[in-house]
Amino acid sequence: MSNKTITRDQLATLLDRLVEKNRVIAPVSDNRGVVRFGEIQKAGDIAWGFDQAKVPAKSHFLPQTEELYRYDTSGGELKIEPVPPPRPAVIFGLHPCDLKAVAALDPVFDGAFKDVYYLNKRERTVIIGLSCRKVLPTCFCRSYGIEPTDGQGADLMLTEAGDGYYVEILTPKGEALIRDNAPLFSDAGVAEGRRAKDALAGELAGQFQLNVDLTGVKAKVDTMFEHPYWQELARKCLGCGICTYLCPTCHCFDIIESHSGHRGCRLRCWDSCMFADFTLHTSSHNPRSTKKERVRNRFLHKLSYHDERYGLAGCVGCGRCIAECPVNIDITQIIADIEEVD
Amino acid sequence: MGIAENCLMPLPATIQQIIPETSDVNTYRVTLDDPEAMANWRNRPGQLAMMSLFGAGEAMFSISSSPTQRDYLDFTIRKAGVVTKALHSLEVGGKIGIRGPYGNGFPYELMKGRDVLFVGGGIGLAPLKSLVELMLDDQHRADFGKIEILYGARSNDDLCFKQAVLEEWPKRPNCEVWTTIDRAEDTWKGHVGFVPAYLEEVAPKGEGKIAVLCGPPIMIRFVLIGLEKLGFKNELIYSTLELRMKCGVGKCGRCNIGHKYVCLEGPVFNLIQIKELPPEF
Amino acid sequence: MKTVVDNLRREAARLLAGDEVKMVIGYAAGTDAARTTPCFATTPEQAALLTWGPLCANNLVKYLLDYRFEDTRLAVVVKGCDSRAVNRLLQDLQFPRQRLVVLGVPCGGQLDRASILSEIPPGARLQDIEDTGEDLVLVTDKGRLSFPKDRFLMDKCYRCETNMPVVADFLAGEPVPSPAREGFEHTAEVDGMEALDIADKSSFWDNEFSRCLRCTACRNACPACSCKECVFEQAVPGWQQSGIIGSKVNSLPENAVFHLIRMFHVTGRCVDCGECERVCPVGIPLRLLYRKVLKDARILYGAGTPGMSTETVSPLSEFRPDDPEEFM
Chain A
241 MSNKTITRDQ
251 LATLLDRLVE
261 KNRVIAPVSD
271 NRGVVRFGEI
281 QKAGDIAWGF
291 DQAKVPAKSH
301 FLPQTEELYR
311 YDTSGGELKI
321 EPVPPPRPAV
331 IFGLHPCDLK
341 AVAALDPVFD
351 GAFKDVYYLN
361 KRERTVIIGL
371 SCRKVLPTCF
381 CRSYGIEPTD
391 GQGADLMLTE
401 AGDGYYVEIL
411 TPKGEALIRD
421 NAPLFSDAGV
431 AEGRRAKDAL
441 AGELAGQFQL
451 NVDLTGVKAK
461 VDTMFEHPYW
471 QELARKCLGC
481 GICTYLCPTC
491 HCFDIIESHS
501 GHRGCRLRCW
511 DSCMFADFTL
521 HTSSHNPRST
531 KKERVRNRFL
541 HKLSYHDERY
551 GLAGCVGCGR
561 CIAECPVNID
571 ITQIIADIEE
581 VD
Chain B
51 MGIAENCLMP
61 LPATIQQIIP
71 ETSDVNTYRV
81 TLDDPEAMAN
91 WRNRPGQLAM
101 MSLFGAGEAM
111 FSISSSPTQR
121 DYLDFTIRKA
131 GVVTKALHSL
141 EVGGKIGIRG
151 PYGNGFPYEL
161 MKGRDVLFVG
171 GGIGLAPLKS
181 LVELMLDDQH
191 RADFGKIEIL
201 YGARSNDDLC
211 FKQAVLEEWP
221 KRPNCEVWTT
231 IDRAEDTWKG
241 HVGFVPAYLE
251 EVAPKGEGKI
261 AVLCGPPIMI
271 RFVLIGLEKL
281 GFKNELIYST
291 LELRMKCGVG
301 KCGRCNIGHK
311 YVCLEGPVFN
321 LIQIKELPPE
331 F
Chain C
62 MKTVVDNLRR
72 EAARLLAGDE
82 VKMVIGYAAG
92 TDAARTTPCF
102 ATTPEQAALL
112 TWGPLCANNL
122 VKYLLDYRFE
132 DTRLAVVVKG
142 CDSRAVNRLL
152 QDLQFPRQRL
162 VVLGVPCGGQ
172 LDRASILSEI
182 PPGARLQDIE
192 DTGEDLVLVT
202 DKGRLSFPKD
212 RFLMDKCYRC
222 ETNMPVVADF
232 LAGEPVPSPA
242 REGFEHTAEV
252 DGMEALDIAD
262 KSSFWDNEFS
272 RCLRCTACRN
282 ACPACSCKEC
292 VFEQAVPGWQ
302 QSGIIGSKVN
312 SLPENAVFHL
322 IRMFHVTGRC
332 VDCGECERVC
342 PVGIPLRLLY
352 RKVLKDARIL
362 YGAGTPGMST
372 ETVSPLSEFR
382 PDDPEEFM
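Chains as they are written, first to last, in this note's numbering: chain A, 241 to 582; chain B, 51 to 331; chain C, 62 to 389.
The set of hints was computed from the structure by calculation and includes no laboratory data.
All C-beta atoms in this analysis are idealised placements derived from N, C-alpha and C, irrespective of residue type, glycine included.
Don't take every hint at face value.
Said to hold, decoys possible - Quick partial rundown of chain B residues pointing at chain A, CB under 10 angstroms, derived from the structure:
#1 C57
#2 K239
#3 G240
#4 V242
#5 G243
#6 F244
#7 A247
#8 P266
#9 E292
#10 K296
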């Protein structure tokens, strides 16, 4: 199927229509202007002018708090009940960095042990990507080989063009969505859309203020486990969870008990390697007992471990951690420092 | 989606027997409630399973029974935290959940044809026991050479598996057992002293021999020094590492040492592998 | 401003060179022009990294807690609001006075980073911020933008109680005018909140708490949160074995419990430095909660803002026969 265009109004109609049979997830703004991915009831709920969702799209595939199963132990018996499978979903508005981040999470939850919670949502979700409209001062996705108009990882990729959007059809899932809603899409203006996208890509490429050279960084950082650099860097860290919770590729979780009487459930909750109790043993031994070990682990995970395990970068250059760290721990600075230190 | 397909969902299980080991350690003999699941359960010696206490949480334990024993699973557990306290409050017939097995287990195939020395401290004998019993099992015994076991604990009361260690294993052919406790007691007629010192005293020959150890970190540290002195080769020394785990399947992100996950690539590592790991465990 | 920076660097270098302190905790240039970053200078050369200006909102006193069990002497740079936290830690015996050198800076008000960044046109790069006294000039590669300084002032600075440190061993500059403005009475917003009916009040906070990420940045930045082990992270607290207080569940009841317990815990110890609200990534108006507590303590016990001196006793740390007991 060849690429299409869709007008703004028709896109709104499409999303309104999708709401009838799917959970539709899109960037929404709260009363204080914080944008995150949330379920919408109508296209009008979307924060259309958003630059970057503060909380990334991982919150759909790996919700911050998610029920795993329920149990009942009444009468000395034990019943464990699975939670119902997820409803089909459409997630709209992922920028290229967030698309790439989903790709980075896939192998974590797939593999010899399959995480059905994540994988079922992945399977049943159509991803509609959206090209960036501007490059923020904290964006550095380009250093990770991502262009702000890249559709890789999306089923459909939308780019604003004229009064509507240029629609690239990238997967059979995307094609099926178009086929089911064919009258809303048009073949008119596809060539112009393509040109508008190319022009936007060129313009955005020139807007990057942050660029890092990743050449040799993994090899270098792999030799730096014992380097005093981490101790110095960690001094300023507050040990909060901002960087990890807002990171689109951070996936650490805890499994929590919640019960009342004989009935209860197990919940999976985001957790953070920056928290002191993350690796605390019952014996009170803690292999990562100070901020030094925890900060080192986070950056080694981003710059080496993830790549080592999955052959994919553990950072996508979205810049959320840079924007929100209250003490200005800046991964681009760290990458530069790694290149420099002896 | 069936229960078995979901790697984070436990299988219902029942405590069949509680065997007191020490004042705060019991062995829980457990069967899976679904007979088919029990029949299909396979684990390697040294592998782990996640135990669920409903109302308390989950925790990872090594399976202390021999893999050749297919009717039940043993877990030897000290009362220490929220989950283990809840477990210790249960009686026979109590319901728990089990998921697993996880981890690599001991590579016993690579140990075939060799003599094997086990060094255990306290409750650290639990994972070793699964391998000792596999090797002593009639169907495997001929595959292995001499089996030596050096086991110590803080006190007589802290020795686990007394029946096996003091009565059964020493009577098995080509199997030698040395036991020790840290400080002298009236009730104890055997050797007194720390495990690493006793190892030096017994001085088993290291050449071509496998060593398998598990115990508190301080014991491991000094036993490793002793083993190297006795001529044990790094690649033939196996130890288990312990880290906090939540998922057991390489996703929750907390049991990593460098880029290795102990729940997947461990808990058993040989000394060459341990030396390659960043010192963060 | 330049003199203050020079004085600060000179004194820090002197302290480090003479081995009077092992470390000076101050501010250094950040990775962009609209921020600074905490700096831990351990050599006289590193003292040259220290800076000071209207982008130094972080309360560095929190970092003292990282070194409380060591035996080294430290120096820390404090603004007026931060200095109250020094007094509080001293009062709680969290840090010994003899191991501490307080380097005070006169503060004309701190600027809100987000407000500054919102004025930078897309594609323009902020290169420098010039403080002309009256105006603030945002220097970008696409031109200079001039704004009245008040426009970017942090909300807390409008209500500044003391812009000069209440405790200092060294003052890096002459007193400057307070950024406090008339019409921003300390409790004005709290009064407004109290005037809401109970349903509106409840829905206001339900909305705010439901937005919480549970990242714990508010707690981790708070100098009043000095517990070595937080109640929310106790490994096996007996009373919560059957509950999930302290779990990482993100839900309205859990989040509300976190914030309300924290509010009670810092009562009489919150110095109103505003760090909780500054670091919150989703903009929960946490100071409103804590200022309500300050106001109640003022009305019920006549207590001033904690940390204004080391003489005043926290209202919850002493018993007086005439204490109000309206809840009994």
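Point to revise | Interface restraint verdict for B/K239 against chain A (beta-carbon cut-off 10 angstroms) | key: violated (31 angstroms)
Review point. Do the numbers back the hint for B/E292, that is, is its least Cβ distance to chain A under 10 angstroms?
Key: Where the cut-off is 10 angstroms and the nearest Cβ of chain A is about 7 angstroms from B/E292, the hint holds.
Check your understanding: Does B/V242 meet its interface restraint, that is, does its C-beta lie within less than 10 angstroms of any C-beta in chain A?
Key -> The hint is violated - B/V242 has no Cβ within 10 angstroms of chain A, the shortest such distance being about 25 angstroms.
Exercise for review: So, B/A247 near chain A? Judge it on the closest CB pair being under 10 angstroms.
Suggested key: violated (23 angstroms)
Check your understanding: Holds or violated: is there a CB of chain A closer than 10 angstroms to the CB of B/G240?
Key -> violated (27 angstroms)
Practice item. Against chain A, run the beta carbon of B/P266 and see if the smallest gap drops under 10 angstroms. Key: Since the shortest Cβ distance to chain A is 9 angstroms, the answer is holds.
Check your understanding: Was the hint right that B/K296 lines chain A, CB cutoff 10 angstroms?
Key -> holds (5 angstroms)
Practice item. Against chain A, run the beta carbon of B/F244 and see if the smallest gap drops under 10 angstroms. Key: For B/F244, the interface hint is violated, since the closest Cβ of chain A sits about 19 angstroms away, which is over 10 angstroms.
Check your understanding: Is the shortest C-beta separation between B/C57 and chain A less than 10 angstroms?
Key -> Status holds, d = 4 angstroms.
Point to revise | Per-residue hint verdict: B/G243, partner chain A, C-beta under 10 angstroms | key: violated (24 angstroms)
Of the numbered hints given earlier, the model fails hints 2, 3, 4, 5, 6, 7; all others are met.
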